[in-house]
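J.: This is what each chain is made of:
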Amino acid sequence: MNRSSRLKLAAIHAGLMLMCMVTLYPVLWVVKMALSPTDGLSLSVSPIPDAVTFDHFREVLLSTDAAGRWVFGRQLLSSIVVSGATTLVGLTLAVSAAYALSRFRFPGKEGGMQALLITQMFPATLMLVPIYSILQKLHLLDSLTGLVLVYATTAMPFCIWMLKGYFDTLPRELEEAAVMDGASPAQVFLRVVLPLARPALAVTALFSFMTAWNEFILAATLLNDPTRFTLPVALQRYVGEHKVEWGKFAACALVVSAPVMALFFALQKHLVGGLTAGGVKG
Amino acid sequence: MTRLLALALLATAWTAHAADEAEPLKLWHAYRGGEEAALIQVAERFTAKTGVKVDLLAVPYDAYGAKLTNAIPHGAGPDVFIFNHERLHNFHSQHLLAPATGVIVRSDYFPNTVQALELDGQVYGYPMAQKSLALYVNKKLVPTPPRTTEELLRMLPALSKADEGRFGLVYESGDFYFHAPFLFGFGGELFDASGRALFDTPGMTKSLAFVKKLQDDRYLPQEVSGALVKSLFNDGRAAMVISGPWFAGEVSPAVDYRVVALPVVSETGIPLKPFLGVEAAFVSAQSKQGEKAQQLARFLSTGESSRIRVTVGRQIPAEVAAYQLPEVKDDVLISSFREAARDATPMPSSLEMLRVWEPMKLALRGVLQGGTAPQDAGALADRRYRALYRERPPDASPLPWLGLLGAMALGGSVWVLRRPASALTFQQRYPDVKLAVTYLAPAMAGLLVLVFIPFGVGLSLSLFHHESGEYSFVGLANFVDILASRGYSITEPLSFYFTLAVTLLWTLVNVVLHVGIGLFLALLLKDPLLKLKGVYRVLLIIPWAVPNYITALMWKGLFHRQFGAINGLLVALGLEPVSWFAQFSTAFAANVATNTWLGFPFMMVVALGALQSIPQELYEAAEVDGASKWTQFRRITLPLLRPAMLPAVILGSVWTFNMFNIIYLVSGGEPGGGTDILVSEAFRWAFQRNQQYGFAAAYSVLIFVVLLAWSSFTKRLTRSSSEMLG
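So the sequence lines, in the order shown, correspond to chains E and W.
Those letters in the first sequence? Residues 1 to 282, by full-length UniProt numbering.
Those letters in the second sequence? Residues 1 to 726, by full-length UniProt numbering.
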């Protein structure tokens, strides 16, 4: 390695480290808030807490409600159920729709793709009023089922687009070969196409899961029972109008973010492949 | 296995939902902690006494009001609910409340608490507790509390040392609820004789000037939040605090304090009069067990309930007899709050009152942040008030619209039927239609019910005007008002064009930064000799993994005037701390910084993928031809990145355009709605400005039109870029 390229590498390292610091700093700051004993925050730059306590975590994680129920446990469970079911339902529906849009010829295909794209442009906060009435009519208010259906459908257009883009990049020859070998259309889809689409499926699953795990406006409106709340709604309660409990907020924020971050990093290898393959032809 | 588990869990959730067949009384509240515990005890007593079961439901405060107005008319609401009296008119006009007349005994309660619940000669609800502001005094720092503002002003210099973070008086000065005592104390009025809101008054000017001086003299910190009040008082760095009964629960046991009435304004001889909020048990008009519900509501507000609510919930009861109980009489905190509430003005529960908050917030922040002089603030608030208070547009006839719809349907079907028949049969042209339908049907059904129908309903809502639960058809009036910028000039933050300009700027700046930073990092990471590549990449995509509302709240904290790390950094560098949300430029910059942090990893990942797809041979060939690095970048990297980056950029621009969470949670539109983008503006019209759903829907239709235009433009872009590549 010659000198100039070593210099260049040093510069690259310096640049990346700087950016990493910028990226990490806010996160460390939240960690500091979560670990600091009081909400007494002072003007300080250091992201290292002066004193460490786990009180905030204990209160957030272990508190029971007045009826003695372990609130956090129930909320965690409903978050997991909602996000898991959303991923399952959303992905199943999106994958078959995307395959149809990629491979079959039928009238209204182009228009349908455009319509899907257009749904991404309608501000979601304003669909709230109509969605509430519809769920009411279907008797799905204050139920996790209703929430799952809403999440799965609102995330679907994006999922369909991504998956369709990916399917478009898969060579048709493999499927044609399978047909030659006497495979039924369903077999082609399940045995040939799906295994090939694994990276895109992973990314889409991650996306659906994150949508459901992180959403709070709909959840706060559609759910009534605190033991059925998803975690973001619970988290929002710490940042109330008159009371802002930064310590507990920070502790809860870390707990809520941890699983998505873990999942995210577990799947991040696929991110590059899955996203861009979908993107190129999207 | 996991799939089965998820299904099983789903099934239990479903049955749990369907199982509530028995008929207990449903009681909703927004209490937490001690107040909640007290309410549960009270409900148990009620069940023990009457045998009627009570189902309690704690609703988060922020969503509570909207939930009640949504649920009760649909018959999904509670039998009894506990709410502050200030939305009495609003609830009444939507027919949510059953009158308490005939059951309630007026003399049970303090007269001003019953008055607060009176409307057209009827009493709605049973007063349970009162809430008003009082002065918390740190006994160690202030042995004798000030009784007049003169005494207060004399004490403050010795108690304040702003450089050390010590202040004589701390309260949430930017919130009108906390400013109201000053307004009334300086002889100001909020409504004229006809009940219309009044802003431009001498009392307003004097009270604002008084508070502004306190802040300029640095007796009062700037941009005070609830968290700051708490931390300063608990650290012994705030000598006096103005707050309500709820604050007592937040004071640390180490602080020796007492609560007294707010001082008297020396200039006028009038005490600083806080608003009186009355928390009451309301009976829902839709309750199927009206009699039992009235019984429960009365039970909640009197006798044993008062005692439990005082001792466990630390509430200030509205019942007169409660103050004879030994537990209450000897409770200094409770009795001093009762004392302080004597001068309080019941907060008007009229619709007009609801309209006062936003203009007053604007005026108050304008003065405190230094942009507006106290004497001009009233006029500023008045202008905002007029803009927000839209007259109801005249009803329009829906007939031409129905006609148009019919004509379009007819024209459409004629067009479909009359299209020249293709030589091939339908079956030949589309051989897989049946298969396609099977694959598409489930997704289509879901999308239809939960995306396209709400979308259609949203579209048609834009032709209606919504007021107190009733819709009237007004045709295009909403659009005309928005596009003609009626009521405000084009350069004002409330005008559609101003907000549109801000939104476009916001989108442009963000997308440029996202792509710029993302591409830059991707190029750095691409270097084949680089070690630790994986580590860097993992660290750099962290922001993407953090839920974006957490990011927003986190950055709001970072930009905080007093304890934000950004100001900490500025001070460490020897600069002055900045009030980030006081000016458009800095508030906008704060929003952009947050969103940039949040958004660059996505672009980085896309760029990384796109860079990988560029064949290395091209660079080698260029190297051989003697092309410089820059030329290689310009001639190879950029053109080949374009097709992969373009869809991501388009998607990113749409997301940014509608990035509600960041704007709403970071700057909250400060200063004065200047940094609001179209979506957050639409949200405010719908949920914060008297539920003008129709107007908000018209706003979102315009958002939609803008994005549609943008997408058809970008479609051409992508097409030309793919053509370029062949």
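No wet-lab data here; the hints were simulated from the structure.
Do not rely on the hints blindly, as some may be mistaken.
Partial list, derived from the structure: chain E residues whose beta carbon lies under 10 Å from chain W [what the hints assert, rightly or not]:
#: 1; residue: 62
#: 2; residue: 93
#: 3; residue: 153
#: 4; residue: 178
#: 5; residue: 213
#: 6; residue: 262
In this text, a Cβ means the ideal position worked out from N, Cα and C, and glycines have one as well.
J.: For every hint, state whether the structure bears it out.
T.: Now the hints, each set against the structure:
{"no.": "1", "hint": "62", "in the structure": "violated, 15 Å"}
{"no.": "2", "hint": "93", "in the structure": "holds, 4 Å"}
{"no.": "3", "hint": "153", "in the structure": "holds, 4 Å"}
{"no.": "4", "hint": "178", "in the structure": "violated, 15 Å"}
{"no.": "5", "hint": "213", "in the structure": "holds, 7 Å"}
{"no.": "6", "hint": "262", "in the structure": "holds, 9 Å"}
In summary, the numbered hints that this structure violates are 1 and 4.
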